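Join these two chains into a complex; the hints should help.
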Amino acid sequence: MSQRRIPPYALDKPGERVLLLGNQAIARGFLEGGGQIASSYPGTPASEILETIADFAEMYGIYAEWADNERVAFEVCAGAAVCGLRAMCSMKHIGVNWAMDPLMHFNLRNPTGGFILVSGDDPSQHSSANEQDNRFIARMACIPCFEPSDPAEAKDMAAKLFEVSEAFRLPVMLRVTTRLCHVRGDVVLGPINMERRKGKMAPDISWRTTTRVRDIPPHKPLHDKEEKIKELAETLQWNRVEGTGDERIGVIASGVSYNYAREAIDKLGLNGKVSLLKLAITYPLPERLISNFIGDLEKLLVVEELEPFVELQVKALSKDSNPKLEIYGKLDPNRKLIPREFELNTEIVSNALSDLLGIPRLFTPSQSGEAQALASMVTPRGLTMCAGCPHRATGYALKQALRKLKVDEYTVIGDIGCYGMLSYPPLRLIDTYLGMGSSVGMSQGCARATGKLSIGIIGDSTFLHAGIPGLISAVWNNTNIKLVICDNQATAMTGFQPHPGTGITAMGKQGNKVDIESVVRGVGVKMVETIDPYSVSQSIEAFMRALEFEGPAVVISKRICATEAVRIARRQRVTLKPYRVDPEKCTGCRTCINTFGCPALVYDASKNKVWIDPVLCMGCSVCAQICPFQAISQGE
Amino acid sequence: MEKPVKEFNIVIAGIGGQGNLLISEIVATAAVRAGQKVRVGETFGAAQRGGPVASYIRIGSEVYSPILSPRTADLIVGLEPLEALRNAVRFLRQGGTVILNTRPIIPTEVSMGINRYPPIQEILDALKRVGAGRVISFDATAEAEKLGMALVMNVIMLGAVAGSGVLPFPTEILREVIAERLAGPLLDLNIRAFETGLAMSKLQ
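One line per chain: the protein sequences are A and B, in this order.
Per this note's numbering, the first sequence starts with residue 1, numbered consecutively.
Per this note's numbering, the second sequence starts with residue 1, numbered consecutively.
It is worth saying that the hints were derived from the structure and are not from the lab.
All figures in this text were calculated on a predicted structure; none of them were measured in a lab.
Zero decoy hints are in this set.
Straight-line alpha carbon distances no greater than 27 Å define the calculated BS3-like cross-link-like pairs of lysine-lysine that follow:
no.: 1; chain 1: B; residue 1: 6; chain 2: A; residue 2: 267
no.: 2; chain 1: A; residue 1: 558; chain 2: A; residue 2: 513
no.: 3; chain 1: A; residue 1: 160; chain 2: B; residue 2: 37
no.: 4; chain 1: A; residue 1: 399; chain 2: A; residue 2: 558
no.: 5; chain 1: A; residue 1: 273; chain 2: B; residue 2: 6
no.: 6; chain 1: B; residue 1: 146; chain 2: A; residue 2: 577
Here are some, though not all, of the chain A residues that point toward chain B, as calculated from beta-carbon distances under 8 Å:
no.: 7; residue: 179
no.: 8; residue: 182
no.: 9; residue: 260
no.: 10; residue: 266
no.: 11; residue: 345
no.: 12; residue: 363
no.: 13; residue: 370
no.: 14; residue: 379
no.: 15; residue: 380
no.: 16; residue: 615
Here are the simulated distance ranges between beta carbons:
no.: 17; chain 1: B; residue 1: 121; chain 2: A; residue 2: 585; range: 25 to 33 Å
no.: 18; chain 1: B; residue 1: 133; chain 2: A; residue 2: 319; range: 50 to 58 Å
no.: 19; chain 1: A; residue 1: 587; chain 2: B; residue 2: 203; range: 39 to 47 Å
no.: 20; chain 1: B; residue 1: 175; chain 2: A; residue 2: 334; range: 55 to 63 Å
no.: 21; chain 1: B; residue 1: 187; chain 2: A; residue 2: 634; range: 30 to 38 Å
no.: 22; chain 1: B; residue 1: 121; chain 2: A; residue 2: 589; range: 23 to 31 Å
Yeah, the Cβ is synthetic: ideal placement off N, Cα and C, and Gly gets one too.
Next up, chain B with everything else stripped away, as it sits in the complex (with noise of 0.2 Å):
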């Protein structure tokens, strides 16, 4: 067993259809199985794909509320651009971390000229000024699409999570709630997309 934290606060942010409950489930349940006492919480239903999805994942003894508390987040695991800097202006604390993926997925009523979608590097120098400590930033999707599937884009993430050791847990136990979660024909694929995401994760 781990030496238990206090409070450990991840946000993963994306947009329905990204994959971001299931990356979520498998920190979460790693983190149980590490011996910490957890917290998730989740808003789906009405989102089917293309609705704004975060997850709050609370990890620690001092931990009761399943949803963050503002400027508290320790990490923010961002599937989609736009959707990271939504949730680290309001969430990040003060030196947290930020793994982003910089794939944008445009909203429509940005394609329709009603709305801006801000250039990457834009929101880049927001997540900084909003207080980032660390940014961890590639294309996830592009490197899930070289693996031959983009689906697989949020278990990159979840390596690179992995990849950054900001977790309370060591990566073993991760691989081992993967192995049992993903068991099935693409387990080999999602292995090979977290490792992808864990060796990005520690060039940067």
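Isolated chain A (complex conformation) (with noise of 0.2 Å):
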């Protein structure tokens, strides 16, 4: 690490101001916390605290890895912290779906490690399938949940709660959004925890060293344990009332919520009219601070992203101290002023506050027919696969296979990854696709349903995360699926992660290398071909062999992504050559374009020509083996 220059967030000098990301905030706090050990899964928001962790373990003697799917991340990190050692596990709300099982005993168990598990939630999908909202989750496993509003704040809190966790042997959830995940702000560097554990099993957790009495419900020391958190949430430093105490408006605003409604009072000139209660943790609720700050207001405003999570709560309360409370949010019938759909912002918070004050609003739509015309000039553009990637190579021979076998009747389901844009136009390729692993699962169902021919498109990460014990399934029952499984030596979608097919450990050493082939091969799929997409009529002919198959097969795309390809080339001082069109030869038929659509391809209607935009080619080869025309070729 000498070598290089120390990134902001590794720094060992206490009281600088520094920008981080809300990632890297969490995973300083990790570090200033005196946290050993780190594990997760890549997932859009939450993928940088692991890789901060990663970038800065070695210097600071930190174990952090990339596990194999949520689950394993939650139990590495539960093995470390029964055995003392602090640890955090960090994902996206979804994945915690997937460490709902262990959390779920985790939460029974008592150990002496701090635990903090980092929900990454996604109002908005902005990378993710759902927007469901995990403070259920705390909530269910009844540990208390923690939403900090800044960089700054996140730093500090995931610092303090090891503690926490360790005061009530609990492990405790930070639930983060995208808004805190991948925002900069300023921040300033804390003192690092150097203190260094030896890991050793308490006695008072293993059942060799205990008598494990059945007849004890180990549910009533977890409610206990609720009771005393509640106390330490009264005097949470993070929570915070902000107003003279004379208001008869107010507004409660947790985790990054409390930004748009800072910003929406000030703008509005409210200060003095509306007092604000910043929330810090959302579960348990300090009930008497809420208490007393509802108990002289006329109107409330509850602002938070996603479910009305503490509204619900804050409703129960106000039943006791202040019954005659009108409280607005998400769940009066008549009166919803905050959405439950998508993530909220200054605008949203700012025109509810000007509907419940009956002032006029700051921001209104224009509706003028000009800007209607300016808005209609902005041509959409949707979400795409990189130039050259090889998926929608892997595609367009799986289509181009079934065009030739004249199969008009299958159902095709994806998977998580890149290769969901399969799904957009011109290939239009899958039909649906649930969470995680569900192609090679929900693939089987539909073949059994219809009797027809169903395939199921899935990563290589994907698969290794969650396709393997669906493929097991398969070949047990003998259910005739296809699965293509696009191997592009990456978890590319949330930024070239490594995974097991690759060997490189989030620490960047050399580990142990699985083999996909192998895998499938070794669970007992007879049919399997592997092949280069970049070798169009090879690939064409070995999904002929695949989809004619009677039982299981598994197609094997594999092809490095064209982002780390054009990344390898570009460290190796490579120059890729890109292709061009030869004017001459292209009759302007667009089948380049209608049947592949690479983003590189470019149609020029004035000359009724497509050409080949070079800032964007990688030279693949795939368009030029494509064209009726033979009028692609590489330049020089």
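Quick look at the structure:
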């Protein structure tokens, strides 16, 4: 590490003010709080937490790893925590679904080491398939749920939560959202905690040294802890009332929503008229603090993202402390001032406050014809796979194989990864999907239900994360599915993290490589084809063989992610030669665009010719193989 | 320490792969170093390359939210013309500044004939109609190609931002952060890119 500039999050300079990404700030909090073990599986918006810890791990004597999935990541950290080490397990909101099973046991295990579960929720689904609100998972598991409002607070909270977790011998949830994870802000660095414990399981945890008494319900101590955490919540330093105490209208805002509420009150000039309670713990709630805050109010607006989690609890509290209080947010059927879907912003909160107070809105959409005309000029730009993406070539070959075999009734179940974009034009290949690994299981249900050809498409990292049990099931039951494994040798969609198939660990060490083809053959798949999707005709033929096979068959489409290939070439100073279109030969038929659709292919309507944008083209050659007039060739 | 500003809002708009996040990090780091409070909102993850990416940089003592409110951007930096317009329509304040790379990247839906991409002159006119006080525009990708690497377009645009003189901190701090953040074999090229953009912007 001496060879390179030490990034700001790793500096041993207490008091220094630096710019940190929210996820980097959480990782820094881990360092300042004496964390020793971190494990995770990549998932936006949480991925950079583990990446950052892995980056400084060696420097500070920490262990950080990518696990094969979130459940394993959770269990690794749980193992460390029952042996007395401070551990952090970070994942995206949907990842917590995978960790639910161990979580619902671990909350009863009294770890001696601090355990933080970071849940990165994604309101507005910037890069997720749903908007679930994981505060309900904290409540279900009876573990406290903390919500920081900005990177600086997230850092301090992460460090402090190790102590809280150890004081109660209970895992805690740090619930963050995209607008915390992917926000940069100024943060003052604190001292690094260099206590390094030697792990040893506490005698009161091990059943080898205690009597495992089955007649005591283990939930009673858990519920007792919850009562004690309520007391901690009352004095938590990050809860704050902003106002004079004479206001008749109040706002309660949690986590990132505090920023929108603060700015809305300021911009509307409502200081002195509207008070604000900033909440940093949303389960269990500081009941006295809230009862005092709402005691003299006439109206209350609860500002939180996604579900009415705090609002429901405050409604219950108000029955005793202020039964006449009018509470607004998401629940009042006649006046839903805060939407339950999508992330919030200052505009939404400001307009909600204006409506509540009966004053003019600050933000009104312009209805003028001019504004409409300008808005209509802005052509949408859909998500797409990169130029040269091997998944596009895989999808093309599969579609051509289906066409050649004249199969017109079939189902295609996708999975979680960049290849999910094969559902967009022009390929439009995928019917639907569920969460991680669903292509393998769901395609079996489709095969049983329809009796027709049933295809699943899954990526390398996703297959290793969640696809193997489904494939075993298909082999066992001899279910006739065709599984395409798009092996681009990276967890590309979340930022090119390594996975077991690459053999490289999070800390950049050489581990052992898990070979996907060996796994597939090992579980008993008889028909396995491995293709290079950049070889178009061979790929089509291999797909045809697999589609015609009776019984489960797997096609492994192996080619490194195009973006990764470009990066490697750049590092090695290799110039990639873009392809070009010979305008003499191009007839303007647009077969390349309408059947393949690489973004480097651009149609010039004025000349009725296609050209290739050399800034985007990385030289994969697939379009040259597709062109019916051989008009495309590699440039010099 | 600079005089703290109350609120200065920047949008950096482009598509994935254009180096949007790097220059937003450099601007924000420079602002922190100048003693300002900073919030940067970004969305990244699903869009590797090709999807729209916008960074919101908010500088000032009265700033809390990481997301901009409508019509409050003082400066829009467009790495791609259509993305500049997309953000200007929603975020540009009356009299705000737009700095634009005029090189378009055509969405596949346009090549397929499903959608229309407005000609560059139409986009420049639209920026004025939206209320831009000042528009600095040039083909920054062509300038980057002249330097031998299309990839440094983002740093050229960063130079153009410095040259416009609208940032609430001195250019020297930007140079300092670039020297640290981009230290390595490509530093000289990046410095040349920055100075090119700075000069291009002063010409207009």
